[in-house]
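Use the sequences and the hints to build the structure in full.
There are 2 protein chains.
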Amino acid sequence: MNIPASNYPRIVIVGGGFGGLQLARTLKGKRFQLLMLDQNNYHTFQPLLYQVATAGLEPDSIAYPLRKIFNRQSNLIFRMAEVQKVNTDKKIIFTNIGELEYDYLVIATGSTTNFFGKEDVAKHAMPMKSVSEALNLRSLMLQNFEKALLVDTQKEQEALMSFAIVGAGPTGVELAGALAELKKHVLPSDYPDLDIRRMSIHLIDMAEEVLPPMSDKASAKAFEYLEEMGVTLWMGQSVESYDGETIQFKKAKPLASKTLIWAAGVKGNLVEGISEAAVLRGRYKVNAYNALEGIKDVYAIGDVAWQTNTDFPNGLPMVAQVAIQQGKNLGINIKAKAQQKTQKEFKYKDLGSMATIGRNKAVADLGKLKLHGLFAWFVWMFIHLIALVGFRNKVITFFNWSYNYLNFDRGVRLIIRKFEKT
Amino acid sequence: MNIPASNYPRIVIVGGGFGGLQLARTLKGKRFQLLMLDQNNYHTFQPLLYQVATAGLEPDSIAYPLRKIFNRQSNLIFRMAEVQKVNTDKKIIFTNIGELEYDYLVIATGSTTNFFGKEDVAKHAMPMKSVSEALNLRSLMLQNFEKALLVDTQKEQEALMSFAIVGAGPTGVELAGALAELKKHVLPSDYPDLDIRRMSIHLIDMAEEVLPPMSDKASAKAFEYLEEMGVTLWMGQSVESYDGETIQFKKAKPLASKTLIWAAGVKGNLVEGISEAAVLRGRYKVNAYNALEGIKDVYAIGDVAWQTNTDFPNGLPMVAQVAIQQGKNLGINIKAKAQQKTQKEFKYKDLGSMATIGRNKAVADLGKLKLHGLFAWFVWMFIHLIALVGFRNKVITFFNWSYNYLNFDRGVRLIIRKFEKT
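Read top to bottom, the protein sequences are chains A and B. Okay, so the first sequence: first residue is 0 according to numbering that gives the first Met the number 0, each after it adds one. Okay, so the second sequence: first residue is 0 according to numbering that gives the first Met the number 0, each after it adds one.
Accuracy of the hints is not assured; some may be wrong.
Unchecked claim - Interface residues of chain A toward chain B, partial, derived using beta-carbon atoms under 7 Å: (1) Leu149; (2) Val411; (3) Ile415.
Unchecked claim - Listed next, the in silico BS3-like pairs over lysine-lysine satisfying Cα-Cα at most 27 Å (straight line): (4) B:Lys417 with A:Lys84; (5) B:Lys417 with A:Lys128; (6) B:Lys420 with A:Lys146; (7) A:Lys266 with B:Lys216; (8) A:Lys84 with B:Lys90; (9) B:Lys117 with A:Lys27; (10) B:Lys420 with A:Lys417; (11) B:Lys128 with B:Lys417.
Don't read these hints as lab results, they were simulated from the structure. Predicted, not measured: the structure shown is a model, and the values here were computed from it. Glycine included, C-beta positions come from ideal geometry on N, C-alpha and C.
Structure, rendered in structure tokens:
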């Protein structure tokens with residue numbers, strides 16, 4: 000790989016997500032050569048992917064060019080590349096654009112959809128972890144309505160207009176809510192010759208409540224909102240198989256649905272060449288300094304890292320806040336180490352969690368404060384707006400949200416690339 | 000095709016471009032059953048496609064959902080479909096979603112890139128007539144810069160950073176100008192480890208001047224602007240062949256360039272089954288009422304129609320204004336015919352033409368008024384903004400332009416889908 004020589008230690012950061020970004024920013028202006036690798040040339044604000052899928056936002060609202068983020072950080076070099084393998088003995092990383100030695104390696108590769116070994120589901124269900132996948136889902140959904148106009152029987156129409164979501168975490172809940180809003184406000188006028196009452200939205204989870212990690216109050220309120228909005232809730236249910244046409248459940252009658260969206264689980268994006276001994280539950284086991292024990296100078300942060308504390312004995316949650324805080328702490332520790340100062344153990348500060356279900360309907364747990372309804376919804380929007388990278392993206396998103404709110408509309412129901420089911 | 004029965008005559012409009020849209024609007028509320036067919040579910044504002052290609056705008060700024068345009072027009076039915084064939088004797092249209100009888104057929108299919116039979120160029124050059132093609136071009140351009148970082152020789156770098164555009168009409172000129180702006184304002188800070196001076200932009204045309212249909216003053220001024228901005232002008236030159244690596248000219252030395260953008264010509268999107276006798280220079284010859292002579296109840300409007308008047312003995316120009324005015328006139332005539340009133344011959348009113356080359360640099364011929372510079376640039380922006388369909392798209396575009404202008408930036412340099420050369 001053509002990387003300029005440097006007198007400073009080289010830190011290779013794999014991944015430009017929340018963790019990688021924060022780490023790189025923390026090391027701005029410091030005496031390191033940072034090399035960031037990502038397979039995309041942009042950072043994705045994943046919490047809003049579901050709005051791209053449901054035609055509320057275009058990709059440019061939630062994606063931000065990585066080169067732009069770092070164009071005033073002279074100690075960082077970016078390369079669009081896919082990592083193929085690592086040799087941790089020789090400290091070399093192999094990519095599709097060549098190999099390179101590192102002094103420190105930080106794995107910030109995030110997570111990918113976990114189908115838990117269900118091959119039929121993996122083949123037929125729609126994941127939603129990247130901008131491309133969200134756009135595929137948008138195209139498929141709109142194409143299904145176009146197709147529903149062409150079929151002869153009510154049964155076929157209902158299968159095309161049935162959207163089943165597995166996983167009642169924030170992604171599943173927000174997606175179900177957004178689909179319910181489309182059904183109520185947008186689709187009837189778009190498809191005057193289609194009986195939109197035949198559209199159905201199903202949210203499926205093994206747990207007995209939605210948003211299981213949130214407070215009981217938030218879960219109950221979200222459940223109530225979803226029912227109000229006409230979402231069919233399949234709690235305590237798990238999917239046995241899916242052939243692209245019919246969902247078979249372990250304990251319920253089958254459901255005919257042409258679209259199954261899988262938001263039921265994620266697993267770390269592992270890198271080949273890292274010892275299997277370091278992997279725990281599909282993530283890299285790290286110590287309190289985010290280092291992989293027994294492997295020299297390799298760190299993991301964010302979703303791909305498995306770290307515990309007394310509150311989270313089964314690993315910290317795979318959310319943006321953990322990645323951001325770990326990225327920052329690791330940056331501080333790398334600086335401290337270079338100056339022979341003491342390193343700081345990572346302490347996760349839970350800033351709370353929230354989910355929006357629909358218009359004026361959100362739930363938020365902010366420490367002891369439990370909010371719901373209109374106020375929670377404003378808090379949700381405000382926090383997501385300020386968290387978006389870049390002034391331009393904040394304004395575009397704010398305008399789209401205001402427009403959609405005032406007009407009961409979703410502006411971008413465009414099928415730019417048709418989705419072809421394989 | 001599942002189309003509800005109707006007591007009114009059925010007008011099938013093939014294509015939701017400028018012409019089809021205007022025709023449908025003109026017949027709003029009238030006693031016809033309108034069926035609009037388009038292979039996309041959106042209308043494309045083609046004059047700004049080049050800004051999607053050069054990372055100035057996202058597709059949602061220039062594309063607008065057709066269903067939304069017509070969701071308050073109860074006499075129009077939309078179907079996303081590709082027309083395969085027409086039987087003008089039996090008055091049946093065949094599509095990928097079934098067949099249908101028509102009373103009147105209006106072909107408003109627009110135009111497609113014309114490679115003039117050059118198969119090697121068709122294979123290796125990039126067209127830019129649709130949103131997908133513009134996004135492909137954006138991806139290819141950005142990918143080329145990422146690749147330029149990886150090659151070893153200056154020669155290879157220069158070939159990757161060379162962008163050749165064939166055709167110095169408005170599209171070619173505006174594209175060349177936009178690339179020159181990227182080179183000047185955006186790419187140097189995005190690629191600090193790349194010598195952006197090695198990037199070159201070439202504009203090639205057989206004619207001796209740019210923007211040949213415009214006034215001599217406009218052509219000369221545009222030429223001057225392009226030279227100022229560092230575009231290499233190959234006037235009076237034509238491309239002999241292109242293998243994806245090197246452009247061979249008829250009368251000049253070859254040019255190594257990995258990207259050749261073909262904006263040199265268009266031809267009508269013809270429909271199978273219409274008699275070859277009706278085709279003239281790749282378009283449908285129509286009379287002053289936009290009817291195909293000798294074929295009952297078939298009309299053509301816009302780029303696909305070949306119509307002459309004393310000012311344009313070789314056919315009216317293939318521009319939006321002609322399509323819009325013909326769509327309106329045809330709508331009025333169809334109404335008149337139904338009421339047994341006299342039909343009106345089409346009279347083209349030339350509202351002028353304009354092109355923007357760069358920041359504060361545009362040319363405009365508005366009747367006797369010939370403008371250039373900052374004022375022409377404002378007029379260009381204003382006219383394009385008001386012509387965009389929908390309030391939302393106007394605001395988003397206006398914000399993007401203001402942001403790009405104030406920040407010397409292009410917000411959306413995202414490679415959402417990689418472009419793979421075949």
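For each hint, the structure was consulted:
| no. | hint | in the structure |
| --- | --- | --- |
| 1 | Leu149 | holds, 5 Å |
| 2 | Val411 | holds, 4 Å |
| 3 | Ile415 | holds, 6 Å |
| 4 | B:Lys417 with A:Lys84 | holds, 22 Å |
| 5 | B:Lys417 with A:Lys128 | holds, 17 Å |
| 6 | B:Lys420 with A:Lys146 | violated, 31 Å |
| 7 | A:Lys266 with B:Lys216 | violated, 63 Å |
| 8 | A:Lys84 with B:Lys90 | violated, 62 Å |
| 9 | B:Lys117 with A:Lys27 | violated, 52 Å |
| 10 | B:Lys420 with A:Lys417 | holds, 19 Å |
| 11 | B:Lys128 with B:Lys417 | holds, 19 Å |
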